[in-house]
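J.: Could you put together the complete structure from these sequences and hints?
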Amino acid sequence: MEKGLLELTDVTVRFAGDSGDGMQLTGSQFTNTTAIVGNDLSTLPDYPAEIRAPAGTTYGVSGFQLHFSSNDIQTPGDEPDVLVAMNPAALKTNLSDLKKGGTLIVNVNSFDSKNLRLADYETNPLEDGTVEGYNVIQVPLSQLTNTALEDTSLSAKEKTRCKNFFALGMMYWLYSRPIEPTLNWLNVKFKNAPEIKAANEKALKAGYYFGETTEVFTTRYEVKPATLPKGTYRNISGNEALALGFIAASVKSGLPLFLGSYPITPASDILHELSRHKNFGVRTFQAEDEIAAVTAALGAAYSGALAITTTSGPGVALKTETIGLAVMTELPIVIIDVQRGGPSTGLPTKTEQSDLLQAMFGRNGEAPVAVVAPATPAECFSMALEASRLAIKYMVPVMYLSDGYIANGSEPWKLPDVDALPEIEVKFRTEAEGFKPYLRDENLSRPWALPGTPGLEHRVGGLEKANITGDVSYDPENHEFMVRLRAQKVKNMENDIPELEVRGDKDAELLVIGWGGTHGAISEAVDRARNRGLKVARVHFRYLNPLPKNTGEVLRSYKKILCPELNMGQLSKILRNEFLVDIEPFNKIQGLPFKSSEIENKIDSILGGNNGRK
Amino acid sequence: MADNKVQEQVQVKYTSKDFATKQDVRWCPGCGDYSILAQVHRTFPDLIGIKKEDIVWVSGIGCSSRFPYYMNTYGIHGIHGRAPAIATGVKVARPDLSVWVATGDGDLLSIGGNHFIHACRKNIDLKILLFNNRIYGLTKGQYSPTSEQGKQTKTTPYGSVDYPFNPISLALGADATFVARAVDRDAKHLQSMLKRAAEHKGTAFIEIFQNCVIFNDGAFDDITDKKVKDEKLLFLEHNKPMIFGANKDKGIKLDGLKPVVIDLSEGKHTIDEVLVHDEHDDNPARAGILINIDKQQDLPTPIGVFKQILKPTYDEGVENQVKQVTEKKGIGDLEKVLFSGNTWSVN
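The listed protein sequences correspond, in order, to chains A and B. Under my numbering, the final residue of the first sequence carries the number 676; numbering is consecutive throughout. Under my numbering, the final residue of the second sequence carries the number 747; numbering is consecutive throughout.
In case anyone wonders, no lab produced these hints; they're calculated from the structure. Worth double-checking, as some hints may not be accurate.
Unchecked claim - In the DSS-like style, the derived pairs of lysine-lysine whose C-alpha atoms are separated by at most 30 Å in a straight line are: (1) A:LYS476 / B:LYS729; (2) B:LYS736 / A:LYS251; (3) A:LYS489 / B:LYS736; (4) A:LYS259 / B:LYS729; (5) A:LYS498 / B:LYS452; (6) A:LYS340 / B:LYS729; (7) B:LYS723 / A:LYS251; (8) A:LYS476 / B:LYS736; (9) A:LYS498 / B:LYS626; (10) A:LYS259 / B:LYS723; (11) B:LYS640 / B:LYS729.
None of these values were measured; they are calculated from a predicted model.
T.: And the structure:
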């Protein structure tokens, strides 16, 4: 049968199945191959906190969404064009997101009475009209996989587990992707398990050939490579980029990297990644708890390491007292908070931006720290260098706010010219003559004097210190002086960080402001609104403390300001307080990122009817 | 290289004054901490090969934790309970440093218990001095995790119902490689314990019975007072029988697994029956017997080195791993790492 080939610019696919179905693996394989093909892309893994929730249940469904395009894209897509549902529970929890008229590929073998019951379907949704209006493609995935693996020695259970590779092969065919990258990956991954490797290869190929021969697919699609700027690219997640960024900061500062960490979702991948790179002199310390993780980092900082700790919101809560000690002892540490849904244990695997106020103010006493937040997965790399630079130059702890969405999401990353990365200047005090532990340089930073240096023996600690001498001081005037000095140190960074860049219409009716991982959704929404003639501008904060120098000026230049955040309005609160401007918060607290359409609709409702149209 | 190092070591000659700071010492007059500080000042010049600038004192919160301010070395006065964790960071980042922890019974065994057992478990090369006065001093007299049951304090006006920790038992249970006990008022013995700890490679723990003159005065008098100490203290010495008493005529004998006192003066028992101390024995059964020798059992309280064994330290292990991986993979090449995996070019 001759099949048509249709060129598309933009596709969003979602794989959904049981936690044990290998959906994250399928999604990441499809992503890697798509990256190699040269599409721009953005991903959204979405999985439950339970490792293996009971099979077939709705709460055990794991999903992976991928948006790829021949154009420049910013988000993992609002609505999937294609949903691959491996079982009824996956269909139940994901169908409402599928675009009207979208393609639904289901593993029809899993729609038996048991799985239907587990998914709370009284009747079969494939037969009762539930999926009407969609382009439904029913594939006996389990059966076809088992048949393909008939002559292998695998058990029935092991055979069934290969069905995700069958589905992957089928999707590769459907979107004209090569299967070689996955074959290569299987070669490495199952080097020591030749039978499993062979079975997965077979399943992958069988899926691919099924696409070619079956009559259920009449058309095959193609998405041409995106015209990205010249360079070498790799696909990268935020957590990977962050880990590599701190290795780069270690190389560029000449300081050995010390990571004190305690495993926590969604930050553990950073600890995993850095543990692999010991040949960079990286020392990873998996501590007994969150407190030990950060206090060990503090000890390492005192001793001259580039010291960092990685965690999520609950971990930051535990580290709070030590961060205060770092403020008081004026030692450079970077605290990485990969934010997740809170409060308390909250939604461990879901994203949120609700730790901004914790990062800013969550300590006893007046304890200012610098706060930075990367905007995209790839930006986690450069922000690691920047956080390290600020910590070291100003002898101040830096809070680095990532979030579950950019930590686990991925995008193509144009690899930097290593030689062109900025050096991080480190000045250790070595001269004993005139040394005082709390001497000040032009930035108000105190000297970093390392143990092992003769003549610089000194004590630091949590008790208030007299300026310059560093002696313990209970003097009232000195305390106020030191509180103000520590605040000024952070404030001084404003002369050393980029100003806000306004994107969009100069005479915009509305300014949309964001920070951190909402960057993609906001910029897509603003672009779309502008394409429809609305006059909108946007700014994105990568520095939350201190704020860029022109923040007040920018905010006061617009009549209306909208601030979408995945929290109850934390940045709006800070900005209103600081600049006395009216900001309309737009909040989503569902553990999910914004869809750009949600922000676009909000922009429409503010500007109303034709208001603001060119 | 090695020769130079030796020469350098010989050249460094300190006196106890070199380790004192200009800070006024602010403990209460008569506090046992003064004696501990004095013994440290006296001992440190004798720690051949350790230069003053290579020493870091780390502490938590409490009276004992003011210690770093009085040592003219590097120092961090940390936060409550976290001294072993801060010290771990110092030692792992800089294995060349000699890292000491000054802590108290509340700091180390209550709020910081977790860090203590994990430092012991990992055998991090730290010297931990526990100033055990069995009371919270700096917060003005609440019972601590080493206070005896029934103790009346501000928070336990009707007597505490808690059972106390035996710090030695805790350290042995957590597999510390050097475990010792000393008494603030016995200067010579304390000095020898400090030296032994300094020489040990691995987690070295010394519990020091320390008198709090304000809130728990005389807590150890029943065993450490001159008049009774010969009968109440048992000085542990490696390879020597466990004998005590003014006339050295009492010994510890094992009755099954139970330690009992025998009288060597009457001719009924001989020295051969007395348990011989072996500090290098890492059999937990011995530890179990040793921790049961205490006054609750009407036995003398042992002081000295309970255990000293050698095994690779955590910091050494981390260091070696860095070296081995670097040897195997070569010194990290940033460009290579960034450009690894599946890359593609856009021209």
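J.: Now tell me, hint by hint, if it's right for this structure.
T.: Status of the hints after comparison with the structure:
This hinted pair checks out: A:LYS476 and B:LYS729 have alpha carbons roughly 26 Å apart, not beyond 30 Å. Between the alpha carbons of B:LYS736 and A:LYS251 the distance comes to roughly 21 Å, so the proposed pair stays at or under 30 Å and holds. With a C-alpha separation of about 28 Å, the suggested pair A:LYS489 and B:LYS736 falls inside the 30 Å cut-off, and the hint holds. Pair hint A:LYS259 plus B:LYS729 holds up; C-alpha atoms about 27 Å apart against a cutoff of 30 Å.
Of the pairs offered as hints, the one joining A:LYS498 and B:LYS452 holds, with about 18 Å between alpha carbons and a cut-off of 30 Å not exceeded. Our distance criterion of 30 Å between C-alpha atoms is met by A:LYS340 and B:LYS729, whose separation comes to about 9 Å. With a C-alpha separation of about 27 Å, the suggested pairing of B:LYS723 with A:LYS251 holds against the 30 Å cut-off. The suggested pairing of A:LYS476 with B:LYS736 holds, with an alpha-carbon distance near 15 Å, which does not exceed 30 Å.
A distance of roughly 46 Å separates the Cα atoms of A:LYS498 and B:LYS626; the hinted pair therefore is violated under the 30 Å criterion. Proximity of A:LYS259 to B:LYS723 is assessed by CA-CA distance (about 34 Å); at most 30 Å being required, the pair is judged violated. A hinted pair counts as satisfied when its Cα atoms are at most 30 Å apart, and B:LYS640 with B:LYS729 does not qualify at roughly 51 Å.
The structure shown violates the earlier hints numbered 9, 10 and 11.
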